Structures are given as structure tokens and as C-alpha cells.
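As they're listed, the protein sequences go chains A and B. One point on numbering: in the working numbering, the residue at position 25 of the first sequence is 25, and numbering is uninterrupted. One point on numbering: in the working numbering, the residue at position 46 of the second sequence is 46, and numbering is uninterrupted.
One thing to keep in mind: the hints can contain errors.
Sample of chain B residues at the chain A side, in silico, Cβ under 7 Å [what the hints assert, rightly or not]:
| no. | residue |
| --- | --- |
| 1 | 32 |
| 2 | 48 |
| 3 | 96 |
When the alpha-carbon atoms are kept at most 25 Å apart in a straight line, the in silico PhoX-like pairs for lysine-lysine are as follows [stated by the list, open to error]:
| no. | chain 1 | residue 1 | chain 2 | residue 2 |
| --- | --- | --- | --- | --- |
| 4 | B | 45 | B | 95 |
| 5 | A | 55 | B | 95 |
| 6 | A | 70 | B | 95 |
| 7 | A | 3 | B | 42 |
| 8 | B | 42 | A | 53 |
| 9 | B | 45 | A | 3 |
| 10 | B | 95 | A | 13 |
| 11 | A | 71 | B | 45 |
| 12 | B | 45 | A | 57 |
| 13 | B | 95 | A | 57 |
| 14 | A | 3 | B | 95 |
| 15 | B | 79 | B | 42 |
| 16 | B | 2 | A | 57 |
| 17 | B | 95 | A | 71 |
What the hints contain is simulated information worked out from the structure, not anything from laboratory work. All values reported here derive from a predicted model rather than from experimental measurement. Glycine included, every Cβ here is placed at the ideal spot set by N, Cα and C.
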Amino acid sequence: DVKVTQSSRYLVKRTGEKVFLECVQDMDHENMFWYRQDPGLGLRLIYFSYDVKMKEKGDIPEGYSVSREKKERFSLILESASTNQTSMYLCASSATSSDGIQYFGAGTRLSVL
Amino acid sequence: RKEVEQDPGPFNVPEGATVAFNCTYSNSASQSFFWYRQDCRKEPKLLMSVYSSGNEDGRFTAQLNRASQYISLLIRDSKLSDSATYLCVVTSASKIIFGSGTRLSIRP
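The task is simple: from the sequences and hints, build the whole structure.
What follows is the structure, encoded as C-alpha cells:
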């Protein structure tokens with residue numbers, strides 16, 4: 001079974017803090033994704049990566065950056081957290097970049113106060 | 001217009017009923033289609049792929065209508081455990097787009 005593990009289920013941070021969300025997958029997938037999910041807006045793609053050290057902007061990259069130093073790990077970074085970044089963050093991996101079959105982590109619910 | 005649209009629901013149906021919902025997409029060049037299920041406070045999980053000829057998996061039937069640009073999901077003999085949000089996914093070129101989901105609630 002594919003396993004995608006996110007480092008935290010719940011996080012509470014203060015405005016202006018730097019926040020790291022970590023994601024690890026164990027299936028040797030090339031592609032990894034970061035989404036945020038908000039009520040009524042569905043899943044929105046923040047960034048994705050199709051190889052180590054490669055990254056591509058998604059639909060809403062502003063205020064975020066990512067790091068992929070190893071194939072199995074994809075990190076999302078909020079350089080200076082703001083209240084409008086309070087959301088559910090979901091990491092996913094897939095075998096190919098256009099593969100609609102994605103495997104998700106359990107999500108991190110981030111609250112920025 | 002959103003690239004992928006779903007009726008948000010909620011659909012509230014009695015146990016044992018048949019329920020169906022659609023997902024429309026705007027890009028006629030879309031290539032592949034999927035239904036995901038997301039339980040409350042959990043991550044989305046793949047329910048089934050949608051093939052051109054339609055496909056069935058137990059009580060679930062998925063269909064694709066390319067002419068009208070929509071996919072559908074039909075659930076027969078619904079169970080309490082079917083209560084969830086159902087997300088459609090459409091891919092085109094290198095893009096994967098999730099719908100916002102349709103919430104389904106099955107009542108005893």
C-alpha cells in the first residue's frame with residue numbers, strides 16, 4: 001500500500017512565523033503535490049514537483065515555497081504565515097505528473113492566529 | 001466558469017435508495033476522469049476511474065458523456081457508510097483538476 005505521511009495533523013502558529021509542513025511518500029513516486037482545501041473552494045494546487053530539486057507553481061503559489069531535496073520528501077514552507085493561510089493542507093504523490101490517480105496524506109490542519 | 005463543476009449538495013437520501021450526481025467539465029480536450037471519496041476530516045481516496053464505455057464496481061457505476069462534457073456517479077442500494085463527499089477529477093495535458101465535491105448524506 002502506498003503511504004503518504006504528513007508530519008503533523010494539527011498546527012497552530014502565529015502571524016509572521018515561518019512554518020514548515022513535511023510530507024514523505026514510500027512508493028518511489030516521481031511526482032508530489034501540495035494542495036490546500038477550503039470549504040466551497042475545493043482542492044487548490046499550491047506547488048508540485050516532478051523530480052528531485054524540481055518544482056512548478058500551481059494555481060495559488062503566492063506566500064508559499066517548497067523544497068524537494070530527496071525523492072521521498074516534499075516540504076511546504078510558509079515564509080511568513082498570515083491568517084488567510086489558515087486551511088487544511090494536503091500532500092499527494094502520483095506515479096506520473098498527469099496521472100489523476102493520486103495518493104494523499106492525512107492532511108495538516110493549520111491555524112494561523 | 002470553473003473548469004470542473006459539481007453540485008455541492010447536500011444530497012440527503014434514505015438508506016437503500018439510488019442516488020446519482022454529475023460533474024461537468026469545460027475543456028473538451030480532457031483526457032481522463034476519476035471519482036474520489038472524502039470522508040469528513042479525512043483525505044480524498046480514489047473511488048474509481050471513469051472509462052469511456054462506462055464502468056461498474058459493485059453498487060457504483062460511473063459514466064462519461066464526452067458530447068455533453070460530464071461524468072456521472074450512480075450509487076445503488078445506498079448504505080449509511082456511503083455518506084461522504086464525492087470529488088470528481090479531470091485531467092488534461094499535464095493538469096489535474098479537482099471538483100469542489102458533492103456532499104452525500106444517507107439517513108437510516
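Results of checking the hints against the structure:
1. 32: holds (5 Å)
2. 48: violated (11 Å)
3. 96: Because about 6 Å separates residue 96/B from the closest Cβ in chain A, which is inside the 7 Å limit, the hint holds.
4. 45/B - 95/B: Holds, because 19 Å separates the two Cα atoms, which is no more than 25 Å.
5. 55/A - 95/B: Holds. Residue 55/A to residue 95/B sits at ~14 Å (cutoff 25 Å).
6. 70/A - 95/B: holds (23 Å)
7. 3/A - 42/B: holds (14 Å)
8. 42/B - 53/A: violated (29 Å)
9. 45/B - 3/A: At roughly 12 Å apart (the allowed maximum being 25 Å), residue 3/A and residue 45/B satisfy the hint.
10. 95/B - 13/A: Violated - the C-alpha atoms of residue 13/A and residue 95/B are around 32 Å apart, more than 25 Å.
11. 71/A - 45/B: Measuring from Cα to Cα gives roughly 22 Å; hence the hint holds.
12. 45/B - 57/A: holds (24 Å)
13. 95/B - 57/A: Distance of about 12 Å is within 25 Å: holds.
14. 3/A - 95/B: With Cα atoms ~23 Å apart, residue 3/A and residue 95/B stay inside 25 Å; holds.
15. 79/B - 42/B: Cα-Cα ~19 Å, so holds.
16. 2/B - 57/A: Within the cut-off at roughly 19 Å; holds.
17. 95/B - 71/A: Satisfied, since the Cα-Cα distance of roughly 21 Å is no more than 25 Å.
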